[in-house]
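Enquirer: Next come the chains, spelled out residue by residue.
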Amino acid sequence: MDGKTQCYINGIGIIAPQKTFENDQFLTEISTFNQNVLTCITPDFKAYINPVQLRRLGRMLRIGMTAATICLRDAKVQVPDGIITATGYGFLEETEKFLTELLERQETQLTPTYFMQSTYNALAGLVALSIKCTGYNNTYVSKGFAFENALQDAMMQLAEKNSSNLLVGAYDEAANVQYAINMREHHYKSDHIKNSSLFESKTGGTIQGEGSAFFNVSGISSDSTWCVLKDLQLVYTPETEDELSSALTSFLNTNAISVDEIDVWINGASGDVKNDRLLTSLENSIFKKTPQVRFKHLCGEFCTAISFGVWLGASILKKQFIPEIVKFSSMKSSGKLDIIFIVNQYLDRNYSFLVLKKL
Amino acid sequence: MQQTIEEITKELRQELIKQLNLEDILPESFDENTPLFGEGLGLDSIDSLELVVLLDRNYGIKLKDPKEGRHIFYSIRTMAEYIHNNRPKA
Amino acid sequence: MSQRVFITGFGIITSIGKNAEENFQSLVHRRCGFGELNILHTIHQKTLLCCEIKLHDQQLRDATGIKAGKGFTRTALLGLIALQEAIYSAGLSRSEIHDSGLLSATTTGGIREFEKFFYRLLDLQQQGDFVQFADTANPGEHCERMADHVGIKKYIATLSTACSSSANAIMQGAQLIKNKKLDRVICGGTEALSKFTVNGFNSLMIIDPEHCRPFDSSRKGLNLGEGAAYLVLESEAVVNQKGKKPIAELKGYGNANDAFHQTASSPEGIGAFNAMKLALSRAEISPTAVDYINAHGTATENNDLSEGIGIQKLFDENVPYFSSTKPFTGHTLAAAGSIEAVYCLMALQHQVIWPNLNFANQMSELSISPVTALKHVALKNVLSNSFGFGGNTSSLLMGSV
Numbered sequence: 001m002d003g004k005t006q007c008y009i010n011g012i013g014i015i016a017p018q019k020t021f022e023n024d025q026f027l028t029e030i031s032t033f034n035q036n037v038l039t040c041i042t043p044d045f046k047a048y049i050n051p052v053q054l055r056r057l058g059r060m061l062r063i064g065m066t067a068a069t070i071c072l073r074d075a076k077v078q079v080p081d082g083i084i085t086a087t088g089y090g091f092l093e094e095t096e097k098f099l100t101e102l103l104e105r106q107e108t109q110l111t112p113t114y115f116m117q118s119t120y121n122a123l124a125g126l127v128a129l130s131i132k133c134t135g136y137n138n139t140y141v142s143k144g145f146a147f148e149n150a151l152q153d154a155m156m157q158l159a160e161k162n163s164s165n166l167l168v169g170a171y172d173e174a175a176n177v178q179y180a181i182n183m184r185e186h187h188y189k190s191d192h193i194k195n196s197s198l199f200e201s202k203t204g205g206t207i208q209g210e211g212s213a214f215f216n217v218s219g220i221s222s223d224s225t226w227c228v229l230k231d232l233q234l235v236y237t238p239e240t241e242d243e244l245s246s247a248l249t250s251f252l253n254t255n256a257i258s259v260d261e262i263d264v265w266i267n268g269a270s271g272d273v274k275n276d277r278l279l280t281s282l283e284n285s286i287f288k289k290t291p292q293v294r295f296k297h298l299c300g301e302f303c304t305a306i307s308f309g310v311w312l313g314a315s316i317l318k319k320q321f322i323p324e325i326v327k328f329s330s331m332k333s334s335g336k337l338d339i340i341f342i343v344n345q346y347l348d349r350n351y352s353f354l355v356l357k358k359l
Numbered sequence: 001m002q003q004t005i006e007e008i009t010k011e012l013r014q015e016l017i018k019q020l021n022l023e024d025i026l027p028e029s030f031d032e033n034t035p036l037f038g039e040g041l042g043l044d045s046i047d048s049l050e051l052v053v054l055l056d057r058n059y060g061i062k063l064k065d066p067k068e069g070r071h072i073f074y075s076i077r078t079m080a081e082y083i084h085n086n087r088p089k090a
Numbered sequence: 001m002s003q004r005v006f007i008t009g010f011g012i013i014t015s016i017g018k019n020a021e022e023n024f025q026s027l028v029h030r031r032c033g034f035g036e037l038n039i040l041h042t043i044h045q046k047t048l049l050c051c052e053i054k055l056h057d058q059q060l061r062d063a064t065g066i067k068a069g070k071g072f073t074r075t076a077l078l079g080l081i082a083l084q085e086a087i088y089s090a091g092l093s094r095s096e097i098h099d100s101g102l103l104s105a106t107t108t109g110g111i112r113e114f115e116k117f118f119y120r121l122l123d124l125q126q127q128g129d130f131v132q133f134a135d136t137a138n139p140g141e142h143c144e145r146m147a148d149h150v151g152i153k154k155y156i157a158t159l160s161t162a163c164s165s166s167a168n169a170i171m172q173g174a175q176l177i178k179n180k181k182l183d184r185v186i187c188g189g190t191e192a193l194s195k196f197t198v199n200g201f202n203s204l205m206i207i208d209p210e211h212c213r214p215f216d217s218s219r220k221g222l223n224l225g226e227g228a229a230y231l232v233l234e235s236e237a238v239v240n241q242k243g244k245k246p247i248a249e250l251k252g253y254g255n256a257n258d259a260f261h262q263t264a265s266s267p268e269g270i271g272a273f274n275a276m277k278l279a280l281s282r283a284e285i286s287p288t289a290v291d292y293i294n295a296h297g298t299a300t301e302n303n304d305l306s307e308g309i310g311i312q313k314l315f316d317e318n319v320p321y322f323s324s325t326k327p328f329t330g331h332t333l334a335a336a337g338s339i340e341a342v343y344c345l346m347a348l349q350h351q352v353i354w355p356n357l358n359f360a361n362q363m364s365e366l367s368i369s370p371v372t373a374l375k376h377v378a379l380k381n382v383l384s385n386s387f388g389f390g391g392n393t394s395s396l397l398m399g400s401v
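Residue numbers (the working numbering), protein chains in the order written: chain A, 1 to 359; chain B, 1 to 90; chain C, 1 to 401.
Please note that the accuracy of each hint is not assured.
Dumping the calculated DSS-like pairs for lysine-lysine here, alpha-carbon to alpha-carbon at most 30 Å [stated by the list, open to error]:
(1) A:Lys46 <-> A:Lys19
(2) B:Lys10 <-> A:Lys97
(3) C:Lys277 <-> A:Lys4
(4) B:Lys89 <-> B:Lys10
(5) C:Lys277 <-> A:Lys189
(6) A:Lys274 <-> C:Lys277
In short, the hints are calculated from the structure, not lab data.
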């Protein structure tokens with residue numbers, strides 16, 4: 001293995017606070033939220049999950065299973081060779097239910113379902129079970145790096161065996177428990193704002209979001225493939241602007257991409273003025289002249305929100321169209337959209353660079 | 001006065017639908033003789049554990065070995081009969 | 001041609017020892033950690049016996065140099081103790097540590113502290129010392145705290161695949177080295193006991209109130225345990241450059257999914273078979289070259305049957321010596337993979353096979369029995385199995401150098 005890892009994207013399934021399924025529209029109907037909590041728009045789950053399985057599943061498991069099912073249908077794949085999932089906080093609703101019963105019943109007469117459903121790999125296990133996928137199976141729970149770790153894992157698998165086909169997905173829920181905890185930590189805004197005004201608010205804190213996105217990836221392209229995730233890099237707790245921008249410059253050089261070649265950069269700013277500081281400095285330096293889009297006003301902030309950003313980038317490349325609602329600067333006047341660069345941050349600790357290229 | 005088997009059966013229909021989240025079944029149409037596991041309703045080993053807890057919480061019957069459930073939980077009828085015959089006297 | 005991956009250090013803490021030497025002595029002298037719970041407060045203290053580490057959190061803080069009030073959960077503290085020993089044993093410099101990756105696994109994260117302060121944390125009016133644990137429940141938190149404390153920056157990941165978690169962390173570490181993303185990765189897992197897990201497993205009715213009996217025909221279930229262990233993996237290039245003598249080589253690994261049931265393994269041992277087979281084929285060795293299997297062997301009716309059948313199918317007439325060390329340490333959930341990997345490394349270092357305690361009668365479904373006494377045997381290749389909920393099955397193949 002020579003260190004070159006990448007993955008072709010063949011299909012995506014995503015359930016988010018915007019309507020992202022069963023439509024050909026691309027962020028034209030926008031949902032607005034006023035209470036700093038963005039929750040998913042969901043389909044009729046019966047169309048995606050068999051009833052015998054469905055009855056036992058909590059809300060987030062239903063959302064995750066549905067996103068995985070839509071993805072496989074989109075990629076026209078029945079059974080991939082492996083499944084990798086990622087989450088920051090896991091199934092909080094089930095964790096809270098089991099814990100509450102435990103405390104209220106003082107550890108007696110407890111039922112197992114909530115306990116089982118609260119395990120972080122429950123979704124990866126469930127998807128494998130429902131499609132009888134006996135291949136590689138893994139789950140990452142590394143806060144703001146979880147989805148990137150999952151992608152890195154997938155890319156290395158594909159470098160080893162490029163005929164493989166993998167399902168990589170993320171999920172996180174806007175649970176009450178997590179909202180309370182994040183309010184304690186001053187991660188969310190204290191005043192209620194409309195999500196579309198997220199970046200006008202110059203205060204600290206962001207807004208809570210949720211969602212699940214699954215990607216079908218492979219080592220060689222197929223009829224379904226339209227773009228490739230060429231490379232990614234994680235940068236942990238950069239202390240200065242210099243540290244982040246040198247890492248970025250080095251990443252661009254390794255991939256032989258100049259800033260001018262980037263058609264759109266996706267800025268994973270969260271609306272928290274403090275945590276967005278380094279991204280703001282990139283915006284004013286390296287990316288000064290690069291067309292910019294943002295996405296966290298549409299999906300909210302959560303550990304794996306980057307998966308919404310990757311969906312956005314891949315969709316822009318597929319449709320060769322940039323929705324108005326994500327534009328944060330002027331765009332290139334014409335020409336093919338070829339290279340998309342994503343920079344994300346979570347709590348000013350987990351930074352990542354991803355580059356998508358159209359085939 | 002102790003509940004009759006029929007009364008327990010009626011109660012169990014509601015309880016099972018609620019506890020096992022059997023969303024599409026109405027209590028009136030929940031046949032007391034339909035096998036709960038395998039071919040009938042398709043419940044599995046986790047549901048079996050849920051029923052062990054239901055027996056304890058609602059009727060004060062403690063099963064030590066989950067394997068005992070195999071016969072007790074065959075159908076709502078067999079469950080009701082077992083509860084009627086084994087619940088602690090008030 | 002991908003480069004080889006070597007193990008150059010390890011650290012461990014379990015109910016049978018605070019460090020590697022203590023664990024080794026306990027294994028040799030058949031000292032187990034099984035008993036009543038004294039540190040964790042639960043109504044099951046005297047009835048659901050576990051393998052608890054008899055150290056209060058303050059003692060764990062003292063051992064690591066962490067001051068109180070810094071939001072280090074028990075899971076993070078146990079992890080840090082093992083991580084510090086691993087770093088020391090591999091003789092890593094500050095800059096080497098900085099440029100390492102840290103892959104840590106857990107299933108509980110900080111749930112033990114979360115359950116203790118649950119109502120107070122959710123009531124935003126309430127303040128107090130407990131606030132240090134506001135956001136430590138999530139599993140990734142322990143890894144970041146550990147990385148920050150020792151100075152690891154290059155690559156961080158937390159994994160959670162139930163009982164196969166730390167085995168998967170070790171595998172992923174090897175992948176990062178083989179793909180030249182990193183020269184060095186420290187991999188493993190950590191798990192503290194909590195009311196959440198004790199009651200969770202109890203609700204599944206798979207805990208044996210007595211000392212567990214892996215592979216025995218009368219086995220009744222598992223005993224829970226707590227602990228942590230980390231391995232230092234380094235690339236062939238670095239080992240050669242520094243002239244290091246590695247402890248062993250991570251020659252192979254395999255990850256498969258049983259896809260049978262959410263919490264049970266297939267009676268045919270499909271996942272177990274596939275994971276072991278993948279590990280051997282990556283190592284390019286045949287089943288006859290395996291000298292010892294450290295089995296997952298939780299002593300649940302289901303696991304031991306599934307694993308036993310899987311072993312028989314793969315090794316056929318040539319089933320190697322095998323044993324489960326879970327009667328010593330209990331089932332340490334996410335940490336089991338790395339703890340047992342350390343026991344395999346010790347086995348290779350001392351050319352010894354650990355006994356499977358509490359075994360009396362062979363299972364009727366199997367034609368094989370585990371080793372029941374300490375055995376001195378020439379060992380070259382050792383396989384370690386870890387299987388978990390969600391159908392996750394993983395195997396590691398380590399060989400002497």
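Enquirer: Decide, hint by hint, whether the structure agrees.
Expert: Hint by hint, here is what the structure shows:
no.	hint	verdict
1	A:Lys46 <-> A:Lys19	holds, 18 Å
2	B:Lys10 <-> A:Lys97	holds, 27 Å
3	C:Lys277 <-> A:Lys4	holds, 27 Å
4	B:Lys89 <-> B:Lys10	holds, 20 Å
5	C:Lys277 <-> A:Lys189	violated, 52 Å
6	A:Lys274 <-> C:Lys277	violated, 50 Å
Hint compliance for this structure: hints 5 and 6 are broken, all remaining hints hold.
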